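With the hints as your guide, set chain B onto chain A.
Chains as they are written, first to last, in the working numbering: chain A, 1 to 620; chain B, 1 to 69.
I should point out that these hints are in silico values taken from the structure, not numbers from a laboratory. These numbers were taken from a predicted model, which means no experiment stands behind them. Ideal Cβ positions, reconstructed from N, Cα and C, are used throughout, including at glycine. One should not assume that every hint holds.
As the list claims (entries may be wrong) - Distance ranges between label pairs, derived from CB positions:
| hint | chain 1 | residue 1 | chain 2 | residue 2 | range |
| --- | --- | --- | --- | --- | --- |
| 1 | A | A516 | B | M1 | 49 to 57 Å |
| 2 | A | N151 | B | N2 | 39 to 47 Å |
| 3 | A | G590 | B | M1 | 22 to 30 Å |
| 4 | B | V32 | A | N357 | 51 to 59 Å |
| 5 | A | R370 | B | N2 | 39 to 47 Å |
| 6 | B | G30 | A | N151 | 17 to 25 Å |
| 7 | B | G30 | A | D248 | 55 to 63 Å |
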Amino acid sequence: MAFKSTYLGTIQDVSGTSLSVALDNTAPSGLTYVDGEGYRIGQIGSFVKIPIGYIDLFGIVTQVGASAVPENQVLAQPYGYRWIKVQLIGEGQRNGSFQRGISQYPTISDEVHLVSESDLKKIYGQPDKPYFVKVGHIAGAESIPALIDINKLVTRHSAIVGTTGSGKSTTVASILNAISDPVKYPSARVIVFDLHGEYGHALKDRANIFKVNADKTAGSIEKDLFIPFWALSFEELCSVSFGAFSNDKDENYVLEQISLAKKESLKKYAKEGVSEDTLNVDSPIAFSLNKLWYELYLENFGKFYPDRPDRPLAFELDDAGLEMKGDFSAGIPPVFKPINTNKDNGERVQHPTSNLNIGQQLHSLGAKLRIPRFDFLFKPGDWTPAEDGKTAKDLDSLIQEWIGSDKPITIMDLSGVPNSILNTIIGVLLRIIYDGLFWARNLSQGGRNRPLLLLMEEAHNYLNNEGSALPVVQKIVKEGRKYGIGAMIVSQRPSEVNSTILSQCGTFFALRLANAIDRGHITSAVTDNLEGLTSMLPILRTGEAIILGEAVKLPMRTLIDAPPKDRRPDSQDPIIYDEQEDDDSMHPGGWGIKMEDNPNYKEFLETWRAQSPFVKRIIK
Amino acid sequence: MNRQAVTSSNIASIGYDADSQTLEIEFLNGGVYQYFDVPQYVHEELMNASSHGQYLAQNIKGVYRYSKV
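Isolated chain A (complex conformation) (with noise of 0.2 Å):
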């Protein structure tokens, strides 16, 4: 037979989805060669092939030697046979096509055979199809390039997990780069958000970069990240101005007071889509919280003279005699008369008649209203509010700009946001894309018709169980796939990722994953039964992924091509110690060479204020 040196031995056991296959004797151990080629017999992993009629079935070997003997034959064969278990995957046609899931079992007595190159070409190869992109290729077969099928990956979610160190971020930048091929895919979209600022300058001319306090230098392409207030859900405002509301009623005492702001400006700049009977609280319309804050603040603060006509409020006087009436536009409180009850010390000053008891909540929004680092977000450069409401732009040009630009990628570049609202403003622009391409489903630009990726780094620090990303993260791998909207997680820490995320990942690229539990989360959250293959997780070399799932017709184990070196991002390991002689070394620092005779801190207090890592000293 001309398969004959492929023949490993016969099934002699059948229970569920597993097989117990004894090795035949006469089957060589070690090396066998096929075509030429040689492979290892029972490598954990590998692939075997159990021929029955007109198809195929395919099979993984998970478990290899004394341990894989059935319970009932250990004391009858102690050393004299080999075994090996295999889980059944899919089935093959004799044409070639593969699909997973089985339609019948194999039976007692079946053929088991190696899986060669050109097998495994058969399953894996459609390199022709233009909706397979290739990340690398499959381990131990060069001449193999793993493929996946970006429908299956947007649509259905996935998940990037590795230890630090493992190439995360190289396969994040592989899939990128695959997917952002201006020719193949014209109308690519993908979001990255970025909380170090490491893709920026890996993905500088295939992205737009936004960043808050862009560098605006010549020769920068940052651009500014505003995001309105009046963007945000009431619920989401609140979270990032005024704090936590001791009761309901100073609650909707605001809430009633922001609709009726949305209601004056909508009034005078009547926007299309709604209207005034439509209107609530969380609509899109802008106000001008300055002077809502400032309404507020004289309501709660604003003492007054009882013995006046109309009672008017008492401001307190500068030096130049004026009162010291405050400036809203700039956040700036006014300042009011001690309070005095005795006719005798003068004029009578008393406390305000309003029942209101926010003060601390308007303490904190003035401060963020004076403190530029929250400018992106209470100044958001052309959507700024005026008085009235009016606005130079409208949210339709902001979000063009992420997601409707030339270039296929827009990085959000989220290193500057204060660490306090961090999750809160993930949350807010995830809600805002979702909510915008949910709604917009029907139109070109909708999402589902041109469908956007999402790309979370860092996953496990805004993705475990509490803020207010999670929830708009779950609505997303839950629905996200009706509505064109496609998630990918990546986080070195998959234990804490929120388990309902995980488990709604279709795709999963497993890097090196050495702790238990982590470990443990990925192989429940997976959907094939394939416990042997997350066993291998701790021993993948840099840079090797197990993709498990579906945008990938059979599990692969999987060597990433890294990117060129020019779109790597940031975030290799330093250099303490160069392996390289001084005169070879391509490192300009580390532990073994002498520092500078005259270091400059003033420069690293520079980038330090500047929240930018470029100096202004360097030429562009």
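Relative to the frame of chain A, chain B by itself:
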């Protein structure tokens, strides 16, 4: 900044801006660094050195401050 390609075991190209005295080095691994306040004669010597890598290691690394760009 315009850089001039060189033949070396570790350096890909070298550029210099005389106005700001900035020396730019691109290594073969793709890393680009700017050394600040480097006098013009150092750049000239670097370009004329028989081994650019050796001159860099002996006369520039550990002498001038730099930044990755």
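Going down the list of hints, with the structure as the test:
1. Judged by the Cβ atoms, the range 49 to 57 Å given for A516 (chain A) and M1 (chain B) holds: they are separated by roughly 50 Å.
2. Remark: the range hint 39 to 47 Å for N151 (chain A) to N2 (chain B) is upheld by a beta-carbon distance near 44 Å.
3. Distance hint for G590 (chain A) and M1 (chain B): a CB-CB separation of about 25 Å, consistent with the stated range 22 to 30 Å.
4. Our hint of 51 to 59 Å for V32 (chain B) and N357 (chain A) holds, since their Cβ atoms are close to 58 Å apart.
5. Restraint check, R370 (chain A) to N2 (chain B): a C-beta distance of roughly 45 Å satisfies the suggested window 39 to 47 Å.
6. Between G30 (chain B) and N151 (chain A) the C-beta distance comes to about 33 Å, which lies outside the given range of 17 to 25 Å.
7. Evaluation of the 55 to 63 Å hint for G30 (chain B) and D248 (chain A) yields a pass: the beta carbon distance comes to about 58 Å.
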